[in-house]
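Protein chains: 4
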Amino acid sequence: MSGNTFGKLFTVTTFGESHGAALGCIIDGCPPGLELSEEDMQRDLDRRKPGTSRHTTQRREADEVRILSGVFEGKTTGTPIGLIIENTDQRSKDYSRIAAQFRPAHADYTYHHKYGARDYRGGGRSSARETAMRVAAGAVARKFLEQRLGIKVRGYLSQLGPIKTDKLDWEQVHQNPFFCPDADKVSEMEAYMDALRKEGDSIGARINVVAEGVPPGLGEPIFDRLDADLAHALMSINAVKGVEIGAGFDCIEQKGTEHRDEMTPEGFLSNNAGGVLGGISSGQPIVASIALKPTSSLRLPGKGIDVDGNPVEVITTGRHDPCVGIRATPIAEAMMAIVLMDHYLRHRGQNGDVEVTTPVLGQL
Amino acid sequence: MSGNTFGKLFTVTTFGESHGAALGCIIDGCPPGLELSEEDMQRDLDRRKPGTSRHTTQRREADEVRILSGVFEGKTTGTPIGLIIENTDQRSKDYSRIAAQFRPAHADYTYHHKYGARDYRGGGRSSARETAMRVAAGAVARKFLEQRLGIKVRGYLSQLGPIKTDKLDWEQVHQNPFFCPDADKVSEMEAYMDALRKEGDSIGARINVVAEGVPPGLGEPIFDRLDADLAHALMSINAVKGVEIGAGFDCIEQKGTEHRDEMTPEGFLSNNAGGVLGGISSGQPIVASIALKPTSSLRLPGKGIDVDGNPVEVITTGRHDPCVGIRATPIAEAMMAIVLMDHYLRHRGQNGDVEVTTPVLGQL
Amino acid sequence: MSGNTFGKLFTVTTFGESHGAALGCIIDGCPPGLELSEEDMQRDLDRRKPGTSRHTTQRREADEVRILSGVFEGKTTGTPIGLIIENTDQRSKDYSRIAAQFRPAHADYTYHHKYGARDYRGGGRSSARETAMRVAAGAVARKFLEQRLGIKVRGYLSQLGPIKTDKLDWEQVHQNPFFCPDADKVSEMEAYMDALRKEGDSIGARINVVAEGVPPGLGEPIFDRLDADLAHALMSINAVKGVEIGAGFDCIEQKGTEHRDEMTPEGFLSNNAGGVLGGISSGQPIVASIALKPTSSLRLPGKGIDVDGNPVEVITTGRHDPCVGIRATPIAEAMMAIVLMDHYLRHRGQNGDVEVTTPVLGQL
Amino acid sequence: MSGNTFGKLFTVTTFGESHGAALGCIIDGCPPGLELSEEDMQRDLDRRKPGTSRHTTQRREADEVRILSGVFEGKTTGTPIGLIIENTDQRSKDYSRIAAQFRPAHADYTYHHKYGARDYRGGGRSSARETAMRVAAGAVARKFLEQRLGIKVRGYLSQLGPIKTDKLDWEQVHQNPFFCPDADKVSEMEAYMDALRKEGDSIGARINVVAEGVPPGLGEPIFDRLDADLAHALMSINAVKGVEIGAGFDCIEQKGTEHRDEMTPEGFLSNNAGGVLGGISSGQPIVASIALKPTSSLRLPGKGIDVDGNPVEVITTGRHDPCVGIRATPIAEAMMAIVLMDHYLRHRGQNGDVEVTTPVLGQL
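Chains as they are written, first to last, in the working numbering: chain A, 2 to 365; chain B, 2 to 365; chain C, 2 to 365; chain D, 2 to 365.
The set of hints was computed from the structure by calculation and includes no laboratory data.
Bear in mind the structure is a predicted one, so any value in this text is a computation, not a measurement.
All C-beta atoms in this analysis are idealised placements derived from N, C-alpha and C, irrespective of residue type, glycine included.
Warning: the hint list may mix true and false statements.
Calculated pairs, DSS-like style, for lysine-lysine (alpha carbon to alpha carbon, straight line, at most 30 Å) [to be verified]: (1) A:K256 to A:K304; (2) B:K168 to A:K256; (3) C:K304 to D:K256.
Sample of chain C residues at the chain A side, in silico, Cβ under 7 Å [as the list claims (entries may be wrong)]: (4) A23; (5) S128; (6) N177; (7) Y193; (8) K256.
Calculated Cβ distances over 12 Å to all of chain C for the following chain B residues [claimed, not checked]: (9) G117; (10) I164; (11) P222; (12) I223; (13) K304.
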């Protein structure tokens, strides 16, 4: 499989650069009969794009998705679904200077070494623009998971720089521009962000994604374990530098007696496993957490080099987002949904005949 | 691809349960001309197996690997390499009790829900035994990477429970049973482990893996980014619950000006990226870190349920390893080597190095 | 991999139904630096579409392809290439009758059994319209093969119903509407077709595709042999019912001494192998031949059934093409080019030709 | 995917050369609960190996298969099934002369150009020995298909050189050494073979494979159509040079009114489609036919060249089989079974929820 296709049975193949004519993707393997419309995807796309908070009336990036195939009379046909988002916000800028530079902590240098050249306009394929299609594709998966299986996938910001959230109130998540589930932290986050914006610097973030209602049995050991595929999917998001499942790095200092999630007829007594045991879903909520690095597109000068190896000072002008990590929330939800969709189809196929009478444990 | 095959061009497919007749694997895509013998793999296998420390003369699990194909006159032919390890240490035990139980924090429950049954002897396919083949396959990759490309992949224990290592001295790593690179911490670790063993409890660990000498340009955006594939490979190891690249979760609280690795003609000024930028290797050392959960095979009783849903008290008898995480070091090295090998071939071709002087025949 | 993606390193993923909004595809894995424009693809598309012969000035299906990504400043960047063809010739017809019918020898019945429903407008995804994208993608492969490797892929009609061609003159192939390489047979074919058109019946055809200049060594035994992948690619074209390589079915009655292509320092003495030996290219021209079945879209009534199982008489109205097989010529060329491209990259790497002089940075 | 793995959900990965230590394979994706033992596979293997006819008491190649994993208490567990056949009939011969030669119509030349070297003992990986594992893996698929779905896959010789069979009596197929279904042709075939053996020459053959009881709906358009995957699987068998489905190459001269399989409430009126329509199974018997080339291992001298390009005369000594094509019958059955198994699992997964009330047509 090429690097731009994800999944085995439910596959998502994307194309598009930040300044190309359009972004698009092909979703293959969506079962027939699912009601689907542009609205299903537009909702999630709107959450992702910049300007939703401080500039709610302005739409700088239209991000309007169009369905080109695979849907007939409002339902999926089982044939591939083609999606497209035309790039409208393409300002013609003078990029000639950037063309010859490698900005520190950007993919310029590595893309150049891989391809021998690069589309330097705004980051090209390495730009976060391509994630728009992942969100669109993820919306299809989320709809199927929710409607057919009652699986709910939701994410939230659990940490912005030094500020950690203490409470998890799902209702709060969409009430503020941070996907923050803790109302008490919002103003602190706003102040922090304003300060950063003034400084011209940026900060990282931590996002949690939770999938509830996942039936036990999903995952294909030993290499396509559910947690391994989730790690792959989440680490493939721009700016992600770490992935944890359940207790994650806290496991290091946990005793075995602490860590193990004991089982009673009423349910599991804890969820340090994060919903995945032996690489297979246990029926418990699947809990993943990712670390996003701070953006490197800063107006504060940084040391870079040009294509001939000479030192240059690099400054990024234009719109400045002090914490791009926040915007990863819908993308992380989308990737988790896509992985679960793929695994559901793989399992349902390979073990559809298996009848298990052993009770499924809930959680106390 | 099925769940038991890893990789795109350099693929590893494994089989085998802890108490089956044998473990085995097929390595496909190894370029021709690489000198290879059982010794190359045995070395890494010996490092992995239990008893290397306190019982260096005893070999409870022989773990002797045999090459069945793909090597001729001491060199790989380019055809698939079949490897086998016959299971010799199969004690006939009375497993009937375990058969009907789901041990907490083991894969019993999830395997049962997936397959409707399971080979309950010692964990079956979910047991860590299968990792022996990964180490064997990884040895092939490591040899190629080192001989052909000068790439060195090495791992070490960076944290055992609460004990963190301060120094990194590669020479120390194989001088103690912990893969500990800091001589000053070894006795502390030994004492800690002895205490745990007496308690009957277990603890987690953190392993770091480093690949040096990796050329820039490896990785296939956007889904098969090098870091995404590494995360996949490492998370697929039993007991891994978290993966970080470079600064990892420390990124959350890093400012952009701190995080970015500035570039000068003499080189990069730091390596928070961990050697991967935009999903592609930058030429810097690739640094990954994983969290291993504490083993759940304890003699301290835990609450489980049986196949009918009744509560049972579960005790694991037999050999007790208080920190299985340590043993993941060679496995993590193996997985990183396999990923790099696969990506190298994707970038440069499986036979790109083959030089054939035999004339090409035209047609009369 | 899903059913709508072809290839391992050079992959083509398509979407689109005959009456959907658009057809499209994503080409992933095209190496960077190849000059590419819409014209390169339009040329091959124009050869494929109906109306090129008797109605050369009319364009009923515009089939105008647009490049949406992956090309910058006239050259491929190595990132995915998105292509789109908007469907313009969508007559709003009354399909309600057809919706409930299964036409004999059409995919209606099988699509219904697979998906539980189908887009019945004009054949939906099973229509030959989707092959337009294959031709567009194939044009990219053909350009690379020709420019970089000097490989030429060309096809021609070798038999139309009972009329076999005797001579192979490449110059003739594009001088007539049949892709016929034998000028002496053209008027016979025209007369035959006119008679069929009057009858309202149809006939099959045989197409040969030849690739010259292919270096030896392409093909991945044992399952992805070059000939096996070619057979897959060609059999996947609508209406193909048979594939032969080299002497093909003539081998059955050939003696071993006849069949074998002897070798001398000057070259091979024959090419019964068709350029593939042991599943790997030999350097000889690769010769494949396919059988196309006659179209089933006839105005002559045929027996079908409706969705409830009742007998119906089926008549197809509208444009009638007595030999759709002819139109498979550019599609067969495209598929062969795509297979060769994929195998070349597997053998030699996706970026093996990229030369980067920019210095590699070390670490301070 | 590498070249030595076949399939998407039910995958078969093989290794082994004719003179290596062993042949083996890993079957991944077999659902749990299928009763399986070595006998199931040994039966099909015994049919394949040489010496079954004239030397029924001699076993020159033992071909004893052993199950190493994936089966517990007589049933598959859903985990990978490892199979092994130790190579016992390895005569130590003097191959030094052959090492430097390229025998005409053998894979020597192409393997050399691909890998830069080759295991020249008896053909190495290009030898037909590797097909033994395909037969073993195919036996697993056939058992599942038959037991779970009532699908029967059977093959027979339909033509040996110039001798065509007229009748199809399944009972006859295993009563003679030719897999010939027409008792009246057996002595003619024996005489023909004896003559060939005296001449020292060889001849080709045609094998037909039929799958009955296949439910409609299997196949994944557009690239993984069932017929395309079958063509791939069958063309991957050594010596196959052509594949047809249904009417195959006869389609060329068939009128549309002749070719189409009309449908009535009682069933299809014909089966020119060969059981596949639009790339999806129709419920009709799937009928494929393959052409096998004559073996090139002859004692009659042929012109070859050596590694330096000098002309040499090549003679093959040792056991001589005038028609290797015959032996392809169990291999063709195995490949068809593997393809159907894979597609069943892919379909059952992606469309397991689809309920179709439209009646399934049988055949008149």
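Each hint tested on the structure:
no. : hint             : verdict
1   : A:K256 to A:K304 : violated (45 Å)
2   : B:K168 to A:K256 : holds (25 Å)
3   : C:K304 to D:K256 : holds (16 Å)
4   : A23              : holds (4 Å)
5   : S128             : violated (11 Å)
6   : N177             : violated (35 Å)
7   : Y193             : violated (36 Å)
8   : K256             : violated (44 Å)
9   : G117             : holds (27 Å)
10  : I164             : holds (29 Å)
11  : P222             : violated (8 Å)
12  : I223             : violated (9 Å)
13  : K304             : holds (43 Å)
Going down the numbered hints, you'll see the structure goes against 1, 5, 6, 7, 8, 11, 12, while the others check out.
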